[in-house]
Amino acid sequence: MAKHSRLVRIIGRAILYLILIVGAIIAMTPFFWMISTSFMSLGETINRAWIPQTPQWGNYAEAWKQANFGVYFKNSVIITTVSLLGLMINSILAGYAFASIKFPGKNIIFAILLATMMVPESVTVLPSLLLVRGSIIPLPGVDSRAFDACVGAGGQVLACQFQNFTFGASWLNTLQALTIPFMANAFSIFLLRQFFQQMPSELYDAARIDGAGHLRYLFQIVLPISKAPIMTVLLFGFIGSWNSFMWPLLVTTRDVKRPIMVGLWNFVTEAGPQTHLLMAGAVITLIPILIVYFITQKQFTEGIATTGLKG
Amino acid sequence: MNDATTFTQPKLHRQINERVKESLLGYLLILPSVLVIGVFGLFPIFYSIYMSTFNWRVTKGAFTGWENYTKLFGEPRGLLIFAAGIVLLVLAFFFWKSAFTTNKKIQRILKIVAAMLLIAFGVAFSTGWNSFTGTGDANFFKSLTITLYYSMLTVPTQLLIGLVLAYILFQNIKGKEVFRMFYFLPYVTPAVSTAVVFRIIFSPRETSLANILLSNLGLQPLDWLYEPNSFINMLFGSNLEGFIAGPSLALITIAIYGVWTFAGYDAVIYLAGLGSISKEIYEAAEIDGSNGWHLFWHITFPLISPVSFYLLLISFIGTFKAFNHLYVMRVPSAQNSVITASLNIFDTFYKANNFGYAATQAIVLFIIIAGLTFAQNKLLGKKVFYG
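Going down the list, the protein sequences come from chains F and E.
Heads up: the first sequence at position 176 corresponds to 176 in this note's numbering, and the numbers run straight through without jumps.
Heads up: the second sequence at position 306 corresponds to 1306 in this note's numbering, and the numbers run straight through without jumps.
Hints may contain errors.
[Said to hold, decoys possible] A few chain F positions that, by computed beta-carbon distances, are all more than 10 Å from chain E: (1) PHE73; (2) LYS74; (3) LYS102; (4) THR124.
[What the hints assert, rightly or not] Under the rule of at most 25 Å between Cα atoms (straight-line distance), these lysine to any residue pairs were calculated in the SDA-like manner: (5) LYS1351/E / ASP255/F; (6) LYS1021/E / ASP255/F; (7) LYS1071/E / TYR1047/E; (8) LYS1378/E / TYR1047/E.
Keep in mind that the hints were calculated from the coordinates and are not lab data.
Remember, it's a predicted structure, so these values are computed and weren't measured experimentally.
Note that beta-carbon positions come from the ideal geometry of N, C-alpha and C, so glycine has one too.
Kindly generate the complete structure, drawing on both the sequences and the hints.
Given below as structure tokens:
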């Protein structure tokens, strides 16, 4: 009897591992497919080999050259770095204020910020675009009259945008348009607030007695022990900025200003049947994400578990 | 505050001063975030309302008042009937709820009333809906059904897979971290890049990965992302039309992508939730003789319900927000069978350059999401067990 139940247990265990492995295979197959195809020759992609005979490293150089990935890559690195810097500073300050500072209207402001999480980008993107074009209010250093006159005279929108840019008359194709919208989001503030709230209040009282104000307490005591949630905000912010597509698609009209996702999409519409080059391009766009993910992975999952994201 | 009178005057002064200072610091610290979110998250909603009252192509044209809305909804009578239907539904809900608090006889009457209200709702809803699609913007309402299909296909599937994976991983599995890392990867990687890969895996070519798998199973190749026909019709050779025809194969393929991306995310969040259930509860239940399935159904499932509720809400909203992968995976041959509400709005202003009307669609979509979120909170929020 005992032997029988042991056998059942082993089989049960084996089934569990089987499910997990099948899940992992399904999760990984598209990546395997992508990498394998990126090393194939054109003939192999048509005849659908599983693994390339001899890896065509040249595909990467070819894709890099054909699609201008060098420029896109550089743009994305700059955009992501600037956005992340802003996001970090803004979320830490706001998260701390919402967690530990008393001020009138705090809860209602926080609730309104949280409510913005449910609004789709497709709803907000149009007025934001007009704003960046300078059609709603005059922007610093910008005059939209040239653009309006151009369209008013029956010009094509894209042509006018382009002309407009050369006049420096809008924020299209500028770093501020590509970064500022990513410099704050309710999710990051929420995440940090949850963590900061769990700090024992004795800690603050003690700092207070030592004569430290809120800011010194935040930077000298709170931040050094908040690595996990900050990593989480960083990784999510990095993903959000690097992977962003709709907004950059709208606010960039010139190839040299485009970030990598828009560049990849352009490549998709141009590369046609050159699947192997397309996949090489897709792999290139993934690399920074993979590096950052594998480095921050541990702290990041810890961050999720410790910030009360669980409900 | 009561003992404020016991303070001497200067001390009170200093206290008020400090409180004002603290408040000012608070406002100062939240200012940058509030500005960014306010300008790019809140202001557009109000400005869209303003835009929706104009004939706004690229630049602002004439003021048109309700015109955009009547273009969208068609006959005003239809909208009124539809709104009345929603009111009936809310009433039915309240009657049904109050039926459980009074005595048996009244209970029965209340239940009958609720049932009748529900039937009336059904009639009003379908009358209103037919009026919308007949006299209003049929494409917009079609895009709402597509969105709904997409939610129904992805949300339950991804939550279920996420929970199963998390529950298994929680059973002292060797290599737990490695599995978790693999499962989470699809969520982390850029949607545009992975959607491009899916476009190739699910291409209609006979040598695409999906079709190779089918032919290994002895099945005919399919058109996948290029197939605008209803999957149910293809499967049973039936000829259904309208809502009951169900999603197209192209939409189902996109839903597969959705599940592939988010199941791992759900699993990671579930795993964090499972970790927070105290071990003693399990030990106590095991002493009482509970076994695996029992434990899961009577202990894990209720205790994990806040996580389920959170994930349900954000995934549901997520399906309404979904854009990037849909934009990348839609191909002309799939026709409008994969155009969700978000894509529809985007096309209205990006392709058709009709800004005023796009703003109108955006406002209507926003109201629908707000309503559905509110309803989910009301209906399910109470069932959640917070311990």
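A quick look at each hint next to the structure:
1. PHE73: About 13 Å separates PHE73/F from the closest Cβ of chain E, which puts it past 10 Å; holds.
2. LYS74: 17 Å, holds
3. LYS102: 6 Å, violated
4. THR124: At about 4 Å from chain E, THR124/F fails to clear the 10 Å cut-off, so the statement is violated.
5. LYS1351/E / ASP255/F: 20 Å, holds
6. LYS1021/E / ASP255/F: 49 Å, violated
7. LYS1071/E / TYR1047/E: Within the cut-off at roughly 20 Å; holds.
8. LYS1378/E / TYR1047/E: 29 Å, violated
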